[in-house]
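**Student:** The chain contents come next:
2 protein chains.
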Amino acid sequence: MVRGLCRVYLRQGTGKGCQMRIDNLQYAKWSEKVFRQMREGGLDAVHVTVAYHENFRETVLNLEQWNRWFEAFPELIFKGQWASDVEHARATGRTAIFFGFQNPSPMEDDIGLVEILHTLGGRFMQLTYNNQSLLATGCYEAEDSGITRMGRQVIREMNRVGMVVDMSHSADRSTIEAAEISQRPIAITHANPHVWAPALRNKSDDVIRAVTQNGGMFGFSLYPHHLAGKSACTRAAFCEMIARAAERFGPECLGIGSDLCQDQPDSIVEWMRVGRWSKEIDYGEGSADAPGFPPMPEWFRDNRDFGGLAEGLRDVGMNPQEVAGIMGGNWHRFYAESFTPGS
Amino acid sequence: MVRGLCRVYLRQGTGKGCQMRIDNLQYAKWSEKVFRQMREGGLDAVHVTVAYHENFRETVLNLEQWNRWFEAFPELIFKGQWASDVEHARATGRTAIFFGFQNPSPMEDDIGLVEILHTLGGRFMQLTYNNQSLLATGCYEAEDSGITRMGRQVIREMNRVGMVVDMSHSADRSTIEAAEISQRPIAITHANPHVWAPALRNKSDDVIRAVTQNGGMFGFSLYPHHLAGKSACTRAAFCEMIARAAERFGPECLGIGSDLCQDQPDSIVEWMRVGRWSKEIDYGEGSADAPGFPPMPEWFRDNRDFGGLAEGLRDVGMNPQEVAGIMGGNWHRFYAESFTPGS
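Taken in sequence, the protein lines are chains A and B. For the first sequence, the working numbering gives the first residue as 6, with consecutive numbering after it. For the second sequence, the working numbering gives the first residue as 6, with consecutive numbering after it.
Same chains, same names: a pair is fine if it fits in one copy or spans any two.
Here are the simulated lysine to any residue pairs, SDA-like style, with alpha carbons at most 25 Å apart:
1) Lys84 to His58
2) Lys34 to Cys266
3) Lys84 to Asp268
4) Lys84 to Glu69
5) Lys34 to Glu59
6) Lys84 to Gly117
7) Lys34 to Asp115
8) Lys84 to Gln158
9) Lys34 to Gly117
10) Lys84 to Gly98
11) Lys84 to Arg165
12) Lys34 to Ile116
13) Lys284 to Pro296
14) Lys84 to Gly347
15) Lys38 to Gly117
16) Lys84 to Glu342
17) Lys84 to Gly126
18) Lys84 to Gly167
19) Lys84 to Thr124
20) Lys84 to Val166
21) Lys84 to Ala341
22) Lys84 to Ser36
23) Lys34 to Gly312
24) Lys38 to Asn67
Hints in this document: simulated from the structure, not taken from any laboratory.
Kindly generate the complete structure, drawing on both the sequences and the hints.
**Tutor:** What follows is the structure, encoded as C-alpha cells:
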C-alpha cells in the first residue's frame, strides 16, 4: 500500500517527501543531540541495539533508560512496536525507535523470555554475537556446528511471537540453517557482501541468498571495517556495491543497517568485543595499531547524512522505486510481515 | 455506556445476561479446571496475583507461566490489559486475566521497573504486603510511619504509567496518606469493613472513606478470616454487610475481590506469611491450631458460585443497577479510568 502510494507521489514529482527512511541498526551514545540529528536526517524509524552482552535484568535496565528518553524527548522519539508506528512517526514528525539485541544473552537459558522480551518491545534478536551461543555459532569461532537443540526451539518461539531472527554476526552454516529452519523470513541487519569487502563479518553470496530468497532482508553496513577501503570508501563505491547486490539478489530484499556507533568512546568497542567472556584483549575487526572505532566516511558522519544515500543510489542508476525501497520501504514491508504473532 | 446499556437490558428483563462479572483478586492454584470454572461462573475478568514476595526476575518467571497458560487455553482465558479487554472477553466468551502484585517486591529498589511491569501487564501493585516495605507500612507492623520518600515517587510514577495503588495489606496511616498523595483513584482490592469483622486486615470506615471518596474502589473479600463468623458466615450476612457499606460509602465504589486461593496447599499460605523474610513461623490471620487455609463458605466454594452473589445482593434489597455495579460494572469503570497512562 505504501509502495503504491509512493508510486503516485513519484509520478507527481514529490518522491523525496514520500520516501520512507529506516536505519535498521544503530548503537550510538544516545543523547538529545543524536535524536535531533535523526530528525534532521528524516529518519522515520531506527532499530537500536539494546544489548550486546547483557543478561535479562541488565537488558531491562537498558530498556528503562530508553523509557526515560521517551519521557524526556516525546517530540523527537517514541517506542516503535509495529510497522504502523513507522507511519505514525511520519505523521507526527518523529522517529520510532525499535529495539533489538545483538546477542541472545538477554533471554539467558529461558525460552519463556522470548515472549517477555517481545512484550517489552524486542523485535530483532541475533542468535549469536561473535562467539558460540546457546543457540548457534558466531562468525569468529573456528568451528561452526550450526543451530543447537535449543536454537531450533528458540527460532520456533521467535516465529510464534514475532521476533526476527538476525544472523548478522553468525557463522555461515548457522546462518544458512537458521534460514532453513525459520518458518518466517529472517534478516542480516548489518553487513556487506564479502566479494566487495572481504571482512570476516561480511557475507558470502550464498549466505545472502539463503537469507533473502524467501522474503528475508539484508541491511548494508557503514561501519568502516565492513567497507571496501574502510574509512576512505566513497559514497559512489558504496552505492555501486548496493546496485550490484540488487542485481544479484533483487532490490526488494535490501535496506540499510548503518551500524552507526556515533559518539561512543573506544572503551565501548572494546566492551563489545570482550564483554566479560574474556580476560584478554581481542581486537575484533580492529588491530593492536587501531584498537578503537575507525572514523566514519566523511559522507556519512551521522544520521544527518542518511538522506544522501538516496542521492548516491540514484547517481548509480537505481530507479526511484528501488531507491525508496532501500531507503526504508523494504524494511517497512518486512516489519509489517514480521512483528505480529505468527501461528 | 455499559451501565446505560445495562439499564436497557434490565428493562427488557434480561439483566442477568448483561451483568458484567469481575473478581478483582484471586490467587488460585491455576489449572485448566480453575479456568473452566471461571467460565462456568461467567467471570468476564479476574485480577490475579502474580507476586507475593518475588523479586523482579522471579515475577517474570510467573508471567512466563501465565504466557504458557494463555497459549495452552486460548479458548478460556487471555491476557487483559485494558478495560476494553473485559468487553472483548464478553464478546468472545472468555475470561480476561489482569495481573497484580501484593507486594512492591517485583519492582525491587528500581523506580524504572514500574513502567516495565506495566508494559508486561501489571495493573495493580500493593505498596506493602504485611510488613514495612521500601514504600509504606504493612498492617502487621507495630508502627506506621506512612508513605516513604521512595513511596511518594513511586505513587507518582504509578499514576503516570497507569498502575493502581492497592493498599489492601497496608496500615491505616499509610493508606490514608496514599489516598491523599495519589493523583488518581486508588484501591483496596480485597478486605472487609472492620466494624463488621474485626480482623487486623479489615479496614476502618475512615480508611474506606479515604480510599473511596475520590473515585477509589473497595473490593469485598471472601477469605474466611475476613468474614464475620469466618467459614460459617452466611451469604445473607455477607450481602447484608455489603448493603450497609453501600449506604455509608455509596454503591458505585464497591466491588468484589474474593481472595480465592482455590486448590492451594497449606504450604502456600505459610509462604505467603513468611516468604523468606523470617526464619520463624508466623500464623498471620491463622493460629497454631489452624495454620492452614480455612475452608471456604459452602456458598462460595470457587468461581462457579460467583453469580450467586448477585442473587444474595438482590435478596437484601439492592436494586439491579447497584447489583450490576458491584458484580463488575464498578471495577470495569475503574479499569477504564486507571490503566491508561496519565499526564
